[in-house]
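Based on the hints, put chain F in the right spot on chain L.
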Amino acid sequence: MLNFIFDAASIAPGDFTGFTFFIGSVSMLAATVWFLMQHGQVDKKFKDSMLVAALITGIAAVHYFYMREQWVLDGSSPTELRYIDWILTVPLMVVEFALLTGVGMRKLFWASVVMLVAGYFGESGVTGMLDAQTWGAISGLAYFWMAYEVGCLSIFGGPSGAVGNALASGSGKIPEAGRMLQWFVLVGWAIYPIGYMAGTDGWYTFVAIDEGAMNIIYNVGDAINKIGFGMAVWYAAKS
Amino acid sequence: MNVVVKSKLAGLILAFSIIFFGLESSYSILLFLVVMLSIGIPHGSVDHIIAFINPKARKFDSKPIFYLVYLSLIVFNIILWVISPFLGLLVFLIISCYHFGETQVIGYNPTDNKILNFVIGANILLSLFLNNIVELQEILYILPQFASLDLSAFDSVFFLLISVAILMLSIVNFEIKRKVPLYAEITILYMVFFHTDLLTSFALYFGFCHSLPMLMLEFKEFKTDSFMKFYLKTLPFTILSIIFGFLLYQFNNDLLTSDNLILFVFIIISSLTLPHVFIMKDFVKDK
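Residue numbers (this note's numbering), protein chains in the order written: chain L, 12 to 250; chain F, 851 to 1137.
Extracted from the complex, chain L is given alone in its bound form (with noise of 0.2 Å):
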């Protein structure tokens, strides 16, 4: 069990992209076990808050072990497991903003559910329906219109959701937290329709990048944003 966690060594020396996975795996595990911890010294009502923290950072720790293993083993891009990881993850991260605020889950759920099935639906090729760029679209809208409900438009005094109303309306540190949970939507979720441009044909197409730096862009940029939404709710549940 710890060679398997804990086997850096059969990462090859140089391969930096196989060494963000070994730290992605880790840093997820960490996290987790820091917020399960966490879980125990807050408030009441952060409780369930820290708990789906924990299980953003869990269920990604396991991915990153099996992502890690099939890049040490053939060197290709776990692009399957790094779907199943976002499909189970990126729902919970939005209910974050339902567990702070109390208001929006349904909004936030579906357009979350458009975002991950239009993406897919995208990238697979599996309808044999519409193009790659126009799935991309779809969800790319569903996307902005998740990111104007919690309130990202509102980081550049713009208009804003009920979500995004009722975090910088909210009690204690929670529109200070709403807020750094805004940057990582607008700013920290951009690495996916990038990863998306890049693996898929339309316009975009200048946007081709290197397999190995889009694993490092991914693995980089999942570590923050899945650590960092727990830390940010963690910093307001710790007032």
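Watch out, some of these pointers could steer you wrong.
Here are some chain F residues pointing at chain L (derived, C-beta under 10 Å) [to be verified]:
#1 PHE1004
#2 ASP1005
#3 VAL1007
#4 PHE1008
#5 LEU1011
#6 ILE1012
#7 VAL1014
#8 ALA1015
#9 MET1018
#10 LEU1019
#11 ILE1021
#12 LYS1029
#13 ILE1038
#14 HIS1045
#15 PHE1094
#16 PHE1096
Rough simulated footprint, nothing fancy, chain F against chain L, three-plus residues with beta-carbon under 8 Å [what the hints assert, rightly or not]:
#17 61 to 73
#18 95 to 103
#19 117 to 124
#20 127 to 141
Treat the hints as calculated values from the structure; they're not laboratory data.
Glycine included, every Cβ here is placed at the ideal spot set by N, Cα and C.
Only chain F this time, still in chain L's reference frame:
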């Protein structure tokens, strides 16, 4: 931490161990049998006592009437499977959806919303089947409705995505007191279903998310001094059930091959499940 959470946590640790260590699928039948014999069947083996100690479940005038009704339902179910395996499976699925959902929502919502109970159970079974659909198709090939399905265009991620999307839409469209923890728990289940084979998935879910929490709730209801004393009370009917299954197997031995052995196991499970569901419906009323 209450007994239900503890039971589920035990299952989660076992599930993660299986995923991490990559248990060979050849061991899944062993895991399935151990879980079924030690937890699965025992949790339904005290129905005859539950039916009389729970004030909300006292629908039977006497024990002979209870046994008559209980055994009649078992016989009815077997006849149904013999006449029409498709109908037998359909009834089993509908009843199981309700029963699994009803016990799954305990701790998250009162169990009196029957449609919610059914939908949650249906979600769990749907995900269990979708995430192991190729394996399921191999088992149910004798049913033409399944054998003719062509799933080659779809990969496993598609089925996970569909099951998560349906779950999300189910959760947001129902009034549930603790939506998020319920969603979160089922998400973990889905991950386990995805990464383990059908028998292991079912054993882990049925054993640790359904049977063990129910067994612990029954233990509380019995108010016996020790768990061992309570567990001993489950043994007579557990052993009887095993003998019943063994006799059925012997009786049909010439018809059974390794291909449809799992289907046979499902028939046994469904026969034990049908009457049990009616007893547990009353038992979990105020849980």
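So, as I understand it, the hint says F/PHE1004 touches chain L; can you test that by seeing if any CB pair is closer than 10 Å? F/PHE1004 check passes; min Cβ-Cβ to chain L is 6 Å, inside 10 Å.
Do at least three Cβ atoms from the segment 61 to 73 of chain L come closer than 8 Å to Cβ atoms of chain F? holds (count 5)
Interface restraint verdict for F/PHE1008 against chain L (beta-carbon cut-off 10 Å): With a closest approach of 6 Å, the F/PHE1008 hint holds.
Per the CB criterion, is F/PHE1096 less than 10 Å away from chain L? Hint violated; F/PHE1096 Cβ to chain L Cβ min 37 Å, cut 10 Å.
How about F/ILE1038: closest beta carbon in chain L under 10 Å, or not? Holds, about 7 Å.
Could you check if F/ILE1012 really has its C-beta closer than 10 Å to a C-beta on chain L? F/ILE1012 check passes; min Cβ-Cβ to chain L is 8 Å, inside 10 Å.
Go through the hint on F/LEU1011 and say holds or violated, using the shortest Cβ distance to chain L against 10 Å. It holds, given that the least Cβ distance between F/LEU1011 and chain L is near 5 Å, below 10 Å.
Interface hint check: F/ILE1021, Cβ to nearest Cβ on chain L, cutoff 10 Å. Holds or violated? holds, 7 Å
Hint validity - F/LEU1019 Cβ closer than 10 Å to any chain L Cβ: It holds, given that the least Cβ distance between F/LEU1019 and chain L is near 7 Å, below 10 Å.
With a cut-off of 10 Å on the beta carbons, see whether F/ALA1015 makes it to chain L. holds, 5 Å
Hint validity - F/VAL1014 Cβ closer than 10 Å to any chain L Cβ: holds, 5 Å
Can you take a look at whether the segment 95 to 103 of chain L is actually covered by chain F? Rule is 3+ residues, C-beta closer than 8 Å. That given contact holds, which follows from 5 residues of the segment 95 to 103 of chain L lying within Cβ reach (below 8 Å) of chain F.
Consistency note: the structure conflicts with the earlier hints numbered 15, 16.
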